[in-house]
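Number of protein chains: 2
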Amino acid sequence: MGPGPSDVNPRVLNAMARPTIGHLDPEFVRMMDEVKSLLRFAFQTKNELTIAVSAPGSAGMETCFVNLVEPGDKVIVCQNGLFGGRMAENVRRMDAEVVLVEDEWGRAIELQKLEDALKNHPDTKIVSFVHAETSTGAQSDAEAICKLARKYDCLTIVDCVTSLGGTEVSLDVWGADAVYSGSQKCLSCAPGISPVSFSGRAVEAVKARQTPVRSWFMDLNLVMGYWGEGQTRAYHHTAPVNALYGFHEALVILNEEGLQAAWERHMQNHLALRAGLEAMGLSLIVPEKERLPQLNAVTIPEGVDEAAIRRKLLQSFNLEIGAGLGSLAGKVWRIGLMGYASNAKNVILCLSALEAVLSESHAPINKGLAVAEAYRVYG
Amino acid sequence: MGPGPSDVNPRVLNAMARPTIGHLDPEFVRMMDEVKSLLRFAFQTKNELTIAVSAPGSAGMETCFVNLVEPGDKVIVCQNGLFGGRMAENVRRMDAEVVLVEDEWGRAIELQKLEDALKNHPDTKIVSFVHAETSTGAQSDAEAICKLARKYDCLTIVDCVTSLGGTEVSLDVWGADAVYSGSQKCLSCAPGISPVSFSGRAVEAVKARQTPVRSWFMDLNLVMGYWGEGQTRAYHHTAPVNALYGFHEALVILNEEGLQAAWERHMQNHLALRAGLEAMGLSLIVPEKERLPQLNAVTIPEGVDEAAIRRKLLQSFNLEIGAGLGSLAGKVWRIGLMGYASNAKNVILCLSALEAVLSESHAPINKGLAVAEAYRVYG
Numbered sequence: 000m001g002p003g004p005s006d007v008n009p010r011v012l013n014a015m016a017r018p019t020i021g022h023l024d025p026e027f028v029r030m031m032d033e034v035k036s037l038l039r040f041a042f043q044t045k046n047e048l049t050i051a052v053s054a055p056g057s058a059g060m061e062t063c064f065v066n067l068v069e070p071g072d073k074v075i076v077c078q079n080g081l082f083g084g085r086m087a088e089n090v091r092r093m094d095a096e097v098v099l100v101e102d103e104w105g106r107a108i109e110l111q112k113l114e115d116a117l118k119n120h121p122d123t124k125i126v127s128f129v130h131a132e133t134s135t136g137a138q139s140d141a142e143a144i145c146k147l148a149r150k151y152d153c154l155t156i157v158d159c160v161t162s163l164g165g166t167e168v169s170l171d172v173w174g175a176d177a178v179y180s181g182s183q184k185c186l187s188c189a190p191g192i193s194p195v196s197f198s199g200r201a202v203e204a205v206k207a208r209q210t211p212v213r214s215w216f217m218d219l220n221l222v223m224g225y226w227g228e229g230q231t232r233a234y235h236h237t238a239p240v241n242a243l244y245g246f247h248e249a250l251v252i253l254n255e256e257g258l259q260a261a262w263e264r265h266m267q268n269h270l271a272l273r274a275g276l277e278a279m280g281l282s283l284i285v286p287e288k289e290r291l292p293q294l295n296a297v298t299i300p301e302g303v304d305e306a307a308i309r310r311k312l313l314q315s316f317n318l319e320i321g322a323g324l325g326s327l328a329g330k331v332w333r334i335g336l337m338g339y340a341s342n343a344k345n346v347i348l349c350l351s352a353l354e355a356v357l358s359e360s361h362a363p364i365n366k367g368l369a370v371a372e373a374y375r376v377y378g
Numbered sequence: 000m001g002p003g004p005s006d007v008n009p010r011v012l013n014a015m016a017r018p019t020i021g022h023l024d025p026e027f028v029r030m031m032d033e034v035k036s037l038l039r040f041a042f043q044t045k046n047e048l049t050i051a052v053s054a055p056g057s058a059g060m061e062t063c064f065v066n067l068v069e070p071g072d073k074v075i076v077c078q079n080g081l082f083g084g085r086m087a088e089n090v091r092r093m094d095a096e097v098v099l100v101e102d103e104w105g106r107a108i109e110l111q112k113l114e115d116a117l118k119n120h121p122d123t124k125i126v127s128f129v130h131a132e133t134s135t136g137a138q139s140d141a142e143a144i145c146k147l148a149r150k151y152d153c154l155t156i157v158d159c160v161t162s163l164g165g166t167e168v169s170l171d172v173w174g175a176d177a178v179y180s181g182s183q184k185c186l187s188c189a190p191g192i193s194p195v196s197f198s199g200r201a202v203e204a205v206k207a208r209q210t211p212v213r214s215w216f217m218d219l220n221l222v223m224g225y226w227g228e229g230q231t232r233a234y235h236h237t238a239p240v241n242a243l244y245g246f247h248e249a250l251v252i253l254n255e256e257g258l259q260a261a262w263e264r265h266m267q268n269h270l271a272l273r274a275g276l277e278a279m280g281l282s283l284i285v286p287e288k289e290r291l292p293q294l295n296a297v298t299i300p301e302g303v304d305e306a307a308i309r310r311k312l313l314q315s316f317n318l319e320i321g322a323g324l325g326s327l328a329g330k331v332w333r334i335g336l337m338g339y340a341s342n343a344k345n346v347i348l349c350l351s352a353l354e355a356v357l358s359e360s361h362a363p364i365n366k367g368l369a370v371a372e373a374y375r376v377y378g
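Note that the protein sequences, when read in sequence, are chains A and B. Letter by letter, the first sequence follows residues 0 to 378 of numbering that gives the first Met the number 0. Letter by letter, the second sequence follows residues 0 to 378 of numbering that gives the first Met the number 0.
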């Protein structure tokens, strides 16, 4: 129950143990086609270039930046947590210019600040932002940000690592241009695969580049050939066959449940966890309307050795919760309720275990109420 | 029995299906430490920076180039097959200068040509070459090439994708500087992981760079922090936990067998396959002294529809062999005997199946001799 990797569905684990076949075998090629179409469903898009990058989410992020950003370009990066900072770092390594629009960690991105920056920098090519900040548990209004960027004729790069499968991600409704996610959050697959989707506009921008893409491994001109239709497939790299078996199975599971049902499940378990935490006297740092149901940043009570609590949870209950990152280090715990792990059993376990360990440490909490309050939500 | 991914050992498949734990969990960190020490054994090196890149071999290649090559650098690339060409492509994307030293596809790299190039280009910073060319089945003398490069004060980048675990790879004896390999060849692990090892000299060169490393995902300054010792570990990206379970198991299996025993096994099965092929009247394109035992490039008899033969082998016997690449497309088949798949059963199956399918196609081969000749080698 950390910030990911989340618990992996046993069906996905079993899929990864299937015998490895060749990455050019017709059966494997058919599975890649299914992965593309299942991903279009998950992202809610018709984007043809919707594929799984053969590496973790950080490589998916870099795939978006390395293909769209050229030396000298101006990119507005909205930063309201750790992962916005990484986006800025990616832009700088392309010898491009970063305009940083900063918001408080734990808050959504403020639209007015972004619009001011767009007005002050009319030569901006790209706006990039994180939809669901894994470092803080805050969710921003992706649709409004994408539409604002379009109004100023900018492309968008959107981080959906923690949102995909947990809260609504609708690329075509948003009008997003380049989007990446990860396998190990609400899709409940093992880490190591990063789905990306590029709009027609974004593909045109890649094709219209003045300079070569700086990465061979991530060059979409080459990767597109590999993920092309049927027999035209050109060998690029050796796909991680077994990881893709698992990823395919994870997408099949999401498809079986349905997007709406998955989002509702995440919300209900979040509300139950919140009820229990509040009954204990703990609070979430993100304002209610900006909260991610799948990642709950909990304020650490004063005087508590936060690392010792996490260690005890792991040792006594085999339960992992996450530490704070960056400016929230030492201030919050991050409790994930992602994908397969977002269920009532985990909510109750987490509340009970946390109450036991905090009580033993003489932390100032209300005892004996949390589980009942959580249970009431499931009513 | 293609050029890889090779058949994966069932122990490795089972390992990949273990429950996913956090990539910062103390148990996982301990496993990463074991992976490092097992990799040092496999590479025969004391290099501290010996790690597993969280992506396929192409990303391991790029990790070497993106960290060592700066804009304006001069790099000699020895090309005797497809993968040398990729090295040159990597160099160009760093805005560095390539000096191509070309050899015939299917032959080892000629030392004299390389020395001539080193004399003509005294400002060369790096010599890069492929130890075992997967596209042709030729092996070059890595020790002699590394020593020659050192004589001219150059760093070396060495591709050991297909050699590691199959033929001798001895980084410290060679004096190699930056080396990458893949999980899916003679280590018999699923594709998706790329081990790399950097000498002290190479690490110094990375630290002495004048310009930032162009990739965030592959920047060894950051990756080193993640693979550092024990508690100092800094979060970089989310490791592909299950893929690393499998990779760890594959290295344990190699350690149990022993390097010398693994190399001898690969050689014996190669000799048996060769005896059978020659008895059939087929020949290998690589001269005997330059042959890779784990990858056998077989000349296609005249008038044979090579793709049809491969298709029939797959359909009738569930047996994959590889097509030729680049200038060898349509001229050779590539038969792999790698890792777990390098065994007498596979040699006999391949010879029998090939003989049956070629006979049915009225190809001009000698019948009824191949298996007996192969069997004689096992004595």
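Keep in mind that the hints are not guaranteed to be accurate.
Pairs involving identical chains hold if they fit within one copy or between any two copies, as the list cannot separate such chains.
Unchecked claim - In the DSS-like style, the derived pairs of lysine-lysine whose C-alpha atoms are separated by at most 30 Å in a straight line are:
| no. | residue 1 | residue 2 |
| --- | --- | --- |
| 1 | K311 | K150 |
| 2 | K118 | K288 |
| 3 | K124 | K311 |
| 4 | K35 | K311 |
| 5 | K118 | K330 |
| 6 | K206 | K73 |
| 7 | K112 | K366 |
I should point out that these hints are in silico values taken from the structure, not numbers from a laboratory.
How the hints compare with the structure:
Taking identical chains as interchangeable, the C-alpha atoms of K311 and K150 are never at most 30 Å apart, the minima being 51 Å within one chain and 56 Å between chains. Taking CA atoms no more than 30 Å apart as the test, K118 paired with K288 passes inside one copy only; the shortest distance there is 27 Å, against 68 Å between copies. Taking CA atoms no more than 30 Å apart as the test, K124 paired with K311 passes in neither setting, with 48 Å inside one copy and 52 Å between copies. Taking identical chains as interchangeable, the C-alpha atoms of K35 and K311 lie at most 30 Å apart only when they sit on different chains, with a minimum of 29 Å there against 42 Å within one chain.
In the homo-oligomer, the alpha carbons of K118 and K330 never lie at most 30 Å apart, since the shortest distance is 35 Å inside one protomer and 61 Å across protomers. With identical chains, the CA atoms of K206 and K73 are at most 30 Å apart both within one copy (19 Å) and between copies (28 Å). In the homo-oligomer, the alpha carbons of K112 and K366 never lie at most 30 Å apart, since the shortest distance is 43 Å inside one protomer and 79 Å across protomers.
Violated hints for the displayed structure, listed by number in ascending order: 1, 3, 5 and 7.
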